[in-house]
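Let chain A serve as the given structure and place chain B on it in line with the hints.
Below are the chains, spelled out letter by letter.
2 protein chains.
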Amino acid sequence: MTQKTAEPEVVTKATNITWHDHTVSKRERSELKQQRPCILWFTGFSGSGKSTVANALESALYRQGYHTYLLDADNIRHGVNKNLGFSAEDREENIRRIGEVAKLFVDSGVIVLTAFISPYRRDRDMVREIVEEGEFVEVFVNTPLDVCEDRDPKGLYKKARAGQIKGFTGIDDPYEAPEKPEITLHTERQSIEESVTQILDELTARGYLKA
Amino acid sequence: MTQKTAEPEVVTKATNITWHDHTVSKRERSELKQQRPCILWFTGFSGSGKSTVANALESALYRQGYHTYLLDADNIRHGVNKNLGFSAEDREENIRRIGEVAKLFVDSGVIVLTAFISPYRRDRDMVREIVEEGEFVEVFVNTPLDVCEDRDPKGLYKKARAGQIKGFTGIDDPYEAPEKPEITLHTERQSIEESVTQILDELTARGYLKA
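Going down the list, the sequences are from chains A and B.
Quick note, the first sequence lines up with residues 1464 to 1674 if you use the numbering used here.
Quick note, the second sequence lines up with residues 1464 to 1674 if you use the numbering used here.
Keep in mind that the hints were calculated from the coordinates and are not lab data.
Not one of these hints is a red herring.
All copies of an identical chain are treated as equivalent in the list; a pair is satisfied when it fits inside any one copy or across any two copies.
Taking lysine-lysine and the DSBU-like style, the derived pairs with C-alpha atoms no more than 30 Å apart in a straight line are:
#: 1; residue 1: LYS1629; residue 2: LYS1617
#: 2; residue 1: LYS1496; residue 2: LYS1673
#: 3; residue 1: LYS1673; residue 2: LYS1643
#: 4; residue 1: LYS1489; residue 2: LYS1617
#: 5; residue 1: LYS1545; residue 2: LYS1622
#: 6; residue 1: LYS1489; residue 2: LYS1673
#: 7; residue 1: LYS1621; residue 2: LYS1545
#: 8; residue 1: LYS1617; residue 2: LYS1545
#: 9; residue 1: LYS1489; residue 2: LYS1545
Isolated chain A (complex conformation) (with noise of 0.2 Å):
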């Protein structure tokens, strides 16, 4: 958790607005959004359902009044990370990143979901543990790699294969299954529609959300 170290003075002279020194917590925050923040972590293969899955469950949530951010490729990449390529440690910076300010969310008193490959259990791992117990939701989209491949949304597995793309997720490199995610969902036999409220009934039982 991040603590503020420094603190307004105390100054006693009287004007038109209520005087604290104190700075805003993030109970504080949270408070205010009158919800728990976490991160909901999603991992799994390239194609898994991942953004998908995300995307539907923060407009699940937002409908329900929550106060989410949804962290993908689309405004990271494009972003903080924008200077990072795809060398060993450039994708664990990436992941660091991102990680670091998904605890920004958090400590702003968000629920923020997160969509990346995120193959290493290290890299994950290392999130979990910059945040606070409870704080980090791991959801494991285990969908099998021959049903990625075959749905191949954008071409990868294709350029893969003809070794047009090195080092890819399931091909030539590595993914570390999560061995305790907190949920896990299978889209190959799921709708959307079933992950999202799969997720969101798992969120309750676990008191992230109202009951």
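Only chain B this time, still in chain A's reference frame:
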């Protein structure tokens, strides 16, 4: 503005959740918070009062029900920017990442405050350019250098004068004052409360806050 390109597929199967085949937009997130998101970018010398006023302003905004977040050295330098030093390149990258993170918070519908010296005009203007028109509000904390050096709350000026810190803004590194800041403060003759009241008044006049 970040545009989400991945639209979830339309699923026709009936379930107990309302289905909408769209992603949640900045506009919707802002409407939920009933506010107009922006970056309040504080800039000025070390000791000018940036953090103090920004914290007090956040507190005042919170008490009025606004959804805010403050980016400062405490949560940035130990987090997303912890692998950056103080070389010219790293300083530029520091502000670049802060700007990109602030942009994400604006996209999430939040009023985000930043408190960094950010001495170079080019870096601040870079941030202004990556967000939409009117989303960047430059708050120039125009406290004279000699007042800041007299305050020297962290003893940094003393160290810089003694040559123990190199490249210190105002001592042996330049501060480029904003040419057209939206708001200018003079903490050498304003109390913290007066500064906060001035900002609240100017933000209201400019339509960022409810009258």
